[in-house]
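Participant: Each chain, letter by letter, is given below.
Protein chains: 2
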Amino acid sequence: MIDVEEARSRILAALRPVGQEIVPLALAYRRVLAVDVRARVAHPPADVSAMDGYAVRAADAVAGAQLRVIGEASAGHPFAGSLGPGEAVRLFTGSFVPAGGDAILIQENTVPVLGGIEVTETVAVARHIRKQGQDFALGDMLLAAGRRMTVRDIGLTAAANHPWVNVFQRPRVAILATGDEISLPGEMLGPGGIVNSNSTMLAAMVAAYGGEPFVLPAAGDDTDEIAAAADLARGADLLVTTGGASVGAHDLMHAGLGRQGFALDFWKIAMRPGKPLIFGRIGDMPVLALPGNPVAAYVCGVLYLGPALAVLAGQEVLRPVFETARLQGNLGPNDAREDYLRARLHWHDGGWVVEPFARQDSAMLTPLAASGALLRRPPFQPGLAEGDMVEIIRLDL
Amino acid sequence: MIDVEEARSRILAALRPVGQEIVPLALAYRRVLAVDVRARVAHPPADVSAMDGYAVRAADAVAGAQLRVIGEASAGHPFAGSLGPGEAVRLFTGSFVPAGGDAILIQENTVPVLGGIEVTETVAVARHIRKQGQDFALGDMLLAAGRRMTVRDIGLTAAANHPWVNVFQRPRVAILATGDEISLPGEMLGPGGIVNSNSTMLAAMVAAYGGEPFVLPAAGDDTDEIAAAADLARGADLLVTTGGASVGAHDLMHAGLGRQGFALDFWKIAMRPGKPLIFGRIGDMPVLALPGNPVAAYVCGVLYLGPALAVLAGQEVLRPVFETARLQGNLGPNDAREDYLRARLHWHDGGWVVEPFARQDSAMLTPLAASGALLRRPPFQPGLAEGDMVEIIRLDL
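Sequence order for the protein chains is R and U.
Counting in this note's numbering, the final residue of the first sequence is number 407, and the numbers go up one at a time with none missing.
Counting in this note's numbering, the final residue of the second sequence is number 407, and the numbers go up one at a time with none missing.
Please note that a few of the clues may not be correct.
A pair counts as met if it fits within one copy or between any two copies, since identical chains are not told apart.
Capping the alpha-carbon separation at 20 angstroms, the derived lysine to aspartate or glutamate pairs in EDC-like fashion look like this [what the hints assert, rightly or not]:
1) K285 - E16
2) K278 - E118
3) K285 - D345
4) K285 - E118
5) K285 - D261
6) K141 - D371
7) K285 - D349
8) K278 - D371
9) K278 - D13
10) K141 - D275
11) K141 - E128
12) K285 - D275
13) K141 - D112
14) K278 - D261
15) K278 - D406
Hints were generated in silico from the structure; no laboratory data involved.
Using the sequences plus the hints, can you model the full thing?
Facilitator: Set out below in structure tokens:
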């Protein structure tokens, strides 16, 4: 058995980013940039007013002075001329500051007089002016390749005048469930049958992590069926299987995938749930064989599949983010396996409190659905008491 | 001016959930349930083995006893008969436990003997059996209407044998940018022109919050154009506009929307950025008029548009979640307006540290893109020093 960190490192080291594509900026949310975004314009494009008021020369705009208003510039309609001594130009928020102006006198600090305004409060140079390029200059590097785009990044890229962005393709992930006992949700269950929840759950997870899932027809517990199904996955950037990881079934899975030239990297991780995970490859295609218990499949998804999709999609390598929380309840000492307990999470008294469920069976989906976090226990961690600080991963999907 | 909490309450109180639709479970990630999900099967469907081994009667399976192996049950292939005294049935993980069996003797605790096995370790009743319905029973309430579905919920709903779910429709949100100066990303900029980053950013935000955005052609600073554009929004569940919120332009916006029968609820919020927000309705359609500065539009999006989309989509009403973090740097006293500072966020020494950017101009997108959080300052908060605990909203989009 290898440990969690080594397993993740070996999986990630075996992956290469997929190809690129151009997408409309409007559809780029959560896509990973393949090329840096640089500014195609300056922002603001010129010195602009941050307020409604008047462009003035600060030297003239002292309390009590009167200024002649020689024109107006609204947003999108710059004043064509320039501003001389004793003059002012009416402006609005977003108006370009005309040549010769070096400050904005806000409307509230003026009173109207014949042909112009009287200044009621002295203004300083540069006051209320957004300088050209104060946010970014033409050519500035704004966002680096490898970044997964946020809504804010889309705003920034739009402001930089890009209608398109060059991103990595969505990694194509084939999902294969195995087992004689499983049927799809809503289908008639056979004798001894159970619903296959893994395929639908993992497809949703792949999509949530930015991949393009395709679900293969399930394979029964039969070498030929597993081999045939694995063949349908060819061309995928990753094949994810579930089931067939118990002692007897493992041999079957190995034999079925082996028929397609499966090369094992490792089997078994010192963790709970998720011990019987298998990783290897068929030709160029990496294969991640997850346990059949849905909770184990989900936890392995968070710890391995998420980071794997990040690497395939060209994102900087990410480890799951561990935060800390106060323990509610008590826990006995841990054994040799790293443990990921399903747990409620709530904010109390200025911090997160984590409460592991009493039942941690890896087939139980109800406590998983009700969890806000996984509580991580390192191997051989001593017993823990109420209020102890523990490591958690918050579950956001 | 009203405060942030009152503004949010008034917006949310004015909204009603949209209609419902049926979607395939596989596409239900982040959709809001319109009807409770109840179990259509029990999980597990019968008593099943959690290990590879033998079904036995615990009373017989004492160390040293020999048991006759009368058959085998693999997952999906239950044993047809029942188990009598001194008998065992070979099982695998997921196999149904045959009638008469009340414990699982794991493979490791047996040695083969002629016609059967010898027990090497005594087993207790119910050991390694997952009881029928231990996760959920037929008819159990699993997920309540109003819940936004996670990947885990999809797994649970699949296990409960549902191929379809009844969800609220995605709220349709019309997005209208106004201003003579704006042009879409990639289009030629006019004199005094600036790129419209708001429409694309807000469309991405609406989609990220679970809505269906549609972007209207921009309206110039002209009453007729604004009225015509607002007319194109009819049928939307919400109209979001940007710009036209400065002093002069406000009148224009009000006049243009008023031409369509706009009824004002409130204008101006005691916050920064985002003061000139307008809320009201045109007939049945709520109208949220955001400031034109993209940072202000984004912050108002997080504080008002996100919760508004939750209510429109039938989700339980959500307030933004405030956490706490340690301040890096110092801040002077705050004025009468609730302040939302853009800030870097990093995990250090067991907790989050938040570092506000020096420049907080509401037109600057580069610090917004680099932010991990908004730091909330209540009105009249005294100055703060390094290490003080402050309230933050983490930015996940």
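Participant: Treating 20 angstroms as the Cα threshold, decide for K141 and D112: within, between, both or neither.
Facilitator: within (10 angstroms within a copy, 79 angstroms between copies)
Participant: For K141 vs D275, is the C-alpha pair at or below 20 angstroms within one copy, between two copies, both, or neither?
Facilitator: For K141 and D275, neither the intra-copy (57 angstroms) nor the inter-copy (36 angstroms) Cα distance is at most 20 angstroms.
Participant: 20 angstroms Cα cut-off: does K285 pair with D345 within a copy, between copies, both or neither?
Facilitator: Result: close within a single copy only, 13 angstroms intra versus 56 angstroms inter.
Participant: Is it within, between, both, or neither for K278 and E118, if the alpha carbons may be no more than 20 angstroms apart?
Facilitator: Classified as between; 18 angstroms across copies, 72 angstroms inside a copy.
Participant: When Cα atoms must be at most 20 angstroms apart, do K141 and D371 count as within-copy, between-copy, both, or neither?
Facilitator: between (61 angstroms within a copy, 11 angstroms between copies)
Participant: How would you label the pair K285, D261 (within, between, both, or neither) given a Cα cut-off of 20 angstroms?
Facilitator: within (16 angstroms within a copy, 66 angstroms between copies)
Participant: When Cα atoms must be at most 20 angstroms apart, do K278 and D13 count as within-copy, between-copy, both, or neither?
Facilitator: Within one copy only: 9 angstroms inside a chain, 56 angstroms across chains, cut-off 20 angstroms.
Participant: If the cut is 20 angstroms between Cα atoms, do K285 and E16 qualify within a copy, between copies, both or neither?
Facilitator: Within one copy only: 13 angstroms inside a chain, 51 angstroms across chains, cut-off 20 angstroms.
Participant: If the cut is 20 angstroms between Cα atoms, do K278 and D371 qualify within a copy, between copies, both or neither?
Facilitator: within (19 angstroms within a copy, 53 angstroms between copies)
Participant: Is it within a copy, between copies, both, or neither that the alpha carbon of K141 lies no farther than 20 angstroms from that of E128?
Facilitator: Result: close neither inside a copy nor across copies, 26 angstroms intra and 86 angstroms inter.
Participant: Quick one: K278 to D406, C-alpha cut-off 20 angstroms, is that within a copy, between copies, both, or neither?
Facilitator: Classified as neither: same-chain Cα gap 27 angstroms, cross-chain 34 angstroms, threshold 20 angstroms.
Participant: Classify it for me, K278 with D261: is the Cα-Cα distance of at most 20 angstroms met within a copy, between copies, both or neither?
Facilitator: within (13 angstroms within a copy, 68 angstroms between copies)
Comparing the model with each numbered hint stated earlier shows that hints 10, 11 and 15 do not hold.
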